[in-house]
Structure formats: C-alpha cells, structure tokens
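Let the sequences and hints guide you as you build the complete structure.
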Amino acid sequence: MALHDFLAEAAIMKDLHHKNLVQLLGVCTREAPFYIITEYMCNGNLLEYLRKSDRSKLPPTVLMYMATQIASAMAYLESRNFIHRDLAARNCLVGSENVVKVADFGLARFMREDTYTAHAGAKFPIKWTAPEGLAFNTFSTKSDVWAFGVLLWEIATYGMAPYPGVDLSNVYSLLEKGFRMDSPPGCPPSVYRLMLQCWIWSPSDRPRFRDIHASLESLFPHSNIDEEVNFSFSSVVFSEKK
Numbered sequence: 045m046a047l048h049d050f051l052a053e054a055a056i057m058k059d060l061h062h063k064n065l066v067q068l069l070g071v072c073t074r075e076a077p078f079y080i081i082t083e084y085m086c087n088g089n090l091l092e093y094l095r096k097s098d099r100s101k102l103p104p105t106v107l108m109y110m111a112t113q114i115a116s117a118m119a120y121l122e123s124r125n126f127i128h129r130d131l132a133a134r135n136c137l138v139g140s141e142n143v144v145k146v147a148d149f150g151l152a153r154f155m156r157e158d159t160y161t162a163h164a165g166a167k168f169p170i171k172w173t174a175p176e177g178l179a180f181n182t183f184s185t186k187s188d189v190w191a192f193g194v195l196l197w198e199i200a201t202y203g204m205a206p207y208p209g210v211d212l213s214n215v216y217s218l219l220e221k222g223f224r225m226d227s228p229p230g231c232p233p234s235v236y237r238l239m240l241q242c243w244i245w246s247p248s249d250r251p252r253f254r255d256i257h258a259s260l261e262s263l264f265p266h267s268n269i270d271e272e273v274n275f276s277f278s279s280v281v282f283s284e285k286k
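Mapped onto the numbering used here, the consecutive letters of the sequence shown carry residue numbers 45 to 286.
What the hints contain is simulated information worked out from the structure, not anything from laboratory work.
Don't take every hint at face value.
What follows is a set of in silico ranges between Cβ atoms, one per label pair, in the way DEER data are often shown [to be verified]:
1) E261 - E92: 25 to 31 Å
2) V106 - Y79: 31 to 37 Å
3) K167 - S248: 24 to 30 Å
4) N181 - S140: 34 to 40 Å
5) G222 - A76: 44 to 50 Å
List of simulated lysine to aspartate or glutamate pairs, EDC-like, C-alpha gap at most 16 Å [unchecked claim]:
6) K171 - E141
7) K171 - D130
8) K63 - E141
9) K58 - D148
10) K171 - E220
Every residue, glycine too, gets a C-beta built ideally from N, C-alpha and C.
Below, the structure written as structure tokens:
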C-alpha cells in the first residue's frame, strides 16, 4: 500500500466512531513498513470464524445477531455519507461474545453528492459489487446495501463463496438477466427475501441501512441470542424510500 493510501485509510478511521466499527488506536509512519494500530479482535475475521466454528454454537439467532451489528455500523456510515465499497465477511472482525465490527476502510470514501465515481482502472471485488459499480464505476450507500445482501448470504452459509460455480467474467451478465443466488440451504424464506431486497437492480429501490437495521433490531433483540426463539423475518417491512 502506498503511503498516500495508507494515510487516507487512517484518516477515515480516525473520524469514525461506532461500537461496531474497528477503532483506530494509532499509526506508525517513521519508516517502512508502515502500520495501522487498531483495537484487538480476538477471533479474527468473520469469514474464517464462520468456516471454522462449531455450527452448534452459531445457531441462526447468533448469525442474525452478527448481521444486525454489521447493519448498525453501516447505518452509521450511511448517516455520515461514507461508503465502504468493500463490505464482505473477510472485512469484518469478531471479538468475544460474538461481537462483530466492520473493518478495512481502504476503499472507503466520503460522498459530497449522492454517488461517487471511482477512477478508471480501479479494482473491486466483483462478486460483492453492485451492478452500477461493475458497469459504470459508480457507487453509493445503496451499493453497500447490495454488498450487505451478499454478506448476509455468506453468514447464512457459514462462509461459502458467493455465486458458486460462476466465473467472474460472467457475473454481471447473469445479474443483468435477472439471476440472483439461490436461498442458502435451511435459510428461512424471510431472510432470503431480505437478501433479494438488497439485490434489487435499481439502487433507489433498495432499502436504506437505517431501515434494515431498525427492522433487524426490532425482530431480533440482543437479549434473545441465548434463548429459543421463533426465528423469522416474516414481518420485516421497510419504510418507503424518500
């Protein structure tokens, strides 16, 4: 990473404060290699945590508690007009008690307008990137909402790679034709419907993070994670876009 990019990421982290965002503690720039010092998250990145954990200790209620925390962090970024642009399980970190925090702000940007256009030649993770990003290098908070849907699919599958069997070069054309990933095995239909809401083609028709988080939080309070609950998102209703 170039020094300019390194300092840009550190500057973004310095100005963002939320319980579900990894917090910056300091930077070391006296000589290469440079370091960003963050709070310690004892269980590493969410992707590996999902893949390696005993599934009996990560029932659907806990998985959706994790998703709720990520939605909370993203609602905060949305309120600050920041876009992450690289939201994925690999870029979330897990602490004790299944606390999850969004990390890796290397592609994050502040938006002075409703959308941000990346420079020509910029590279993005294709299977997490919204169609408008793939086609036009245009990003908004609604692009992050698309990525959240993919992340939710990752969580529901305990870390499977998205679009299994699909070559990267074919992803956009399939999406343009209306293809969407199937519901993960055992996933409640209502949770899959939430994913599909995030994968609506038109960015303006996707839900906002504040609505996603409010719905998840009301349906799945933290106090229920160790209880036997009726795990359902059947009553999720997003407010109309304004």
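Taking the hints in turn, this is what the structure says about them:
no. : hint                    : result
1   : E261 - E92: 25 to 31 Å  : 26 Å, holds
2   : V106 - Y79: 31 to 37 Å  : 32 Å, holds
3   : K167 - S248: 24 to 30 Å : 26 Å, holds
4   : N181 - S140: 34 to 40 Å : 39 Å, holds
5   : G222 - A76: 44 to 50 Å  : 48 Å, holds
6   : K171 - E141             : 29 Å, violated
7   : K171 - D130             : 11 Å, holds
8   : K63 - E141              : 14 Å, holds
9   : K58 - D148              : 13 Å, holds
10  : K171 - E220             : 13 Å, holds
This entry does not satisfy hint 6, going by the numbered hints stated previously; all others are met.
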